[in-house]
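Let the sequences and hints guide you as you build the complete structure.
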Amino acid sequence: MELSCLFHEREVLWMVRSLIRMEVVRLFSRWQPWVAFLLLIGVLIQGYEVFYPEPTIKVRDPGWFNVFLAFTKTHGYDLALLSVTLPLIAVMVAGDSLAWDLRTGFMHSILMRMNYKKYIMGKLLSVSLVTFVFVWIGEWIAFIYGMVRYPVLFPPAVSHGSTPDYAQSLFMDHPILYVMLIIFNTSMAAMAFSTISLALSTKIKNLYVVLALPWLGFIVIEFISQVLGSRFSPLNYIGQYFLSVFSYHTLEIPLAWTLLWVISWMTAYLLFVNHFKKGGKHGR
1 MELSCLFHER EVLWMVRSLI RMEVVRLFSR WQPWVAFLLL IGVLIQGYEV FYPEPTIKVR
61 DPGWFNVFLA FTKTHGYDLA LLSVTLPLIA VMVAGDSLAW DLRTGFMHSI LMRMNYKKYI
121 MGKLLSVSLV TFVFVWIGEW IAFIYGMVRY PVLFPPAVSH GSTPDYAQSL FMDHPILYVM
181 LIIFNTSMAA MAFSTISLAL STKIKNLYVV LALPWLGFIV IEFISQVLGS RFSPLNYIGQ
241 YFLSVFSYHT LEIPLAWTLL WVISWMTAYL LFVNHFKKGG KHGR
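If you read the sequence shown in this note's numbering, its first letter stands for residue 1, the second for the next number, and so on.
Hints were generated in silico from the structure; no laboratory data involved. Even for Gly, the Cβ is constructed at its ideal location relative to N, Cα and C. Where hints are given, some of them may not hold.
[Said to hold, decoys possible] Derived lysine-lysine pairs resembling DSS-like cross-links, with alpha carbons at most 25 Å apart:
#1 K118 to K277
#2 K117 to K277
#3 K277 to K203
#4 K205 to K277
#5 K278 to K205
#6 K278 to K118
#7 K205 to K117
#8 K278 to K117
#9 K203 to K278
#10 K118 to K203
#11 K117 to K203
#12 K205 to K118
[Stated by the list, open to error] Ranges of calculated distance between the beta carbons of each label pair, as one might list FRET restraints:
#13 H275 to V148: 44 to 50 Å
#14 W136 to R113: 43 to 49 Å
#15 N274 to F28: 31 to 37 Å
As structure tokens, then:
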């Protein structure tokens, strides 16, 4: 019994590693992830630049224009573009992976060696990890750009309207940890959008529709939330929670994106299994 369980665990690990390697190869071999990477770096740099003070503006305390404060502005500043582009960037990384497998017939080939339930679980995990790491690396590269562009100074004091309201004590006491928290929040949001795209792939065969629908849905939901004046605006949850009129708990943002990721994961899994069973193909 123990030997059987050990063999099963090794088989699952082999499957996950294989699918992760496959996603990494796709990441470098297709044009969509490269465009997504350039877009991610571009909008982050744009956020740094729109916050940069004009030479003609006299700054009362130059220390306020430091890299840590600028980092928050790249995510939550009114003129920064990250919040509105992240859903599109996330799905361009690997959100159409399942659709490609279905379209090219690769899925049928791999199901000759793997149970279909293990396949979809491995696919969801590999796409999630690749998307998370992709955004995490992009964020840190942009942060290094910010360190070159801005003074690497710790925030001198709390200033209303400048210092972020979200997790303010962490920002003041441990700015590096604060940066890691925000990058984690952004990466989790990207993971959620990528798994939503995988769920759509079980019903929609058009690759471009699979890539566009999560972003279009985001825009529609954001419009409705703005009309209703809701604190649950997706735009706020992606980046504008720093200086929002609503007070967000430190754990609320990462937990919200984690919950959406889990729900979209379960939805994608159930839709795929149901679709597979209806097709009368049960794999190995």
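Checked hints:
no.	hint	verdict
1	K118 to K277	holds, 14 Å
2	K117 to K277	holds, 11 Å
3	K277 to K203	holds, 14 Å
4	K205 to K277	holds, 18 Å
5	K278 to K205	holds, 16 Å
6	K278 to K118	holds, 18 Å
7	K205 to K117	holds, 20 Å
8	K278 to K117	holds, 14 Å
9	K203 to K278	holds, 12 Å
10	K118 to K203	holds, 19 Å
11	K117 to K203	holds, 17 Å
12	K205 to K118	holds, 22 Å
13	H275 to V148: 44 to 50 Å	holds, 49 Å
14	W136 to R113: 43 to 49 Å	violated, 31 Å
15	N274 to F28: 31 to 37 Å	holds, 33 Å
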